[in-house]
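Q: Hey, can you work out the whole structure from these sequences and the hints?
Below, each chain spelled out in residue letters.
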Amino acid sequence: EAQVTQNPRYLITVTGKKLTVTCSQNMNHEYMSWYRQDPGLGLRQIYYSMNVEVTDKGDVPEGYKVSRKEKRNFPLILESPSPNQTSLYFCASSLSMGRSYEQYFGPGTRLTVT
Amino acid sequence: AQSVTQLDSQVPVFEEAPVELRCNYSSSVSVYLFWYVQYPNQGLQLLLKYLSGSTLVESINGFEAEFNKSQTSFHLRKPSVHISDTAEYFCAVTKSLTGNTPLVFGKGTRLSVIA
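Quick mapping for you: the protein sequence lines, in order, are chains A and B.
Taking our numbering, the leading residue of the first sequence gets 1, the next gets one more, and so forth.
Taking our numbering, the leading residue of the second sequence gets 1, the next gets one more, and so forth.
Derived by calculation from the structure, the hints in this document are not laboratory data.
Heads up, a few of these hints could be off.
[Unchecked claim] Capping the alpha-carbon separation at 30 Å, the derived lysine-lysine pairs in DSSO-like fashion look like this:
#1 B:69 / A:71
#2 A:57 / B:107
#3 B:95 / A:71
#4 A:57 / A:17
#5 B:107 / A:65
#6 B:95 / A:69
#7 A:57 / B:49
#8 A:65 / A:18
#9 A:65 / B:95
A: This is how it looks when you write it as structure tokens:
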């Protein structure tokens with residue numbers, strides 16, 4: 001089954017404690033991206049990757065890092081989480097950036113930073 | 001840069017009534033437009049898309065949207081909603097299908113269908 005998986009699905013952490021949210025896709029997609037969803041603000045892109053070792057900033061990259069060492073994985077790293085990073089996070093993938101409108105979305109990770 | 005405005009953050013409607021979710025975009029160039037649906041506790045799914053050709057596009061579950069270039073709109077409509085249509089709907093735009101241009105999402109409209 002074609003899918004994007006994220007782990008963990010729920011996470012409560014404290015300010016400053018480094019964390020990683022994993023994202024994996026099994027469709028051999030080149031393009032992957034991370035979004036955060038906040039009430040009244042919709043989806044905002046954090047980072048995206050057009051292929052292995054090619055990443056770029058989205059609209060709200062501050063406080064986040066990503067890496068793309070393998071085609072299937074695109075982890076999101078919060079080196080020093082802060083309460084304003086409390087949000088619902090989605091990973092997504094598509095065949096290419098030009099086909100990003102056909103992104104497959106993961107189930108989401110709800111992060112709470114206290 | 002392109003942007004998307006969804007004029008209503010919440011739309012309550014009775015079951016079997018018609019609904020229109022409004023979306024306006026701003027761009028100085030040609031655009032490609034999309035509607036996504038997010039059911040409770042799930043990720044987004046592509047509902048329908050306008051890439052070229054007919055300005056009226058339809059989804060498999062009865063929704064339709066019409067691209068209106070003069071009004072820079074891409075409103076989503078359904079003549080008779082069902083309880084299962086309760087979800088959040090996002091309009092999105094991109095100006096290129098081949099270049100380095102990410103998809104830009106609106107803030108979403110929460111559709112609540114009341115029995």
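Q: Each hint: holds or not?
A: Consistency of the hints with the structure:
no. : hint         : in the structure
1   : B:69 / A:71  : violated, 38 Å
2   : A:57 / B:107 : holds, 20 Å
3   : B:95 / A:71  : holds, 26 Å
4   : A:57 / A:17  : holds, 23 Å
5   : B:107 / A:65 : holds, 24 Å
6   : B:95 / A:69  : holds, 29 Å
7   : A:57 / B:49  : holds, 26 Å
8   : A:65 / A:18  : holds, 11 Å
9   : A:65 / B:95  : holds, 27 Å
Against the hints set out earlier in the document, a violation occurs for number 1 only.
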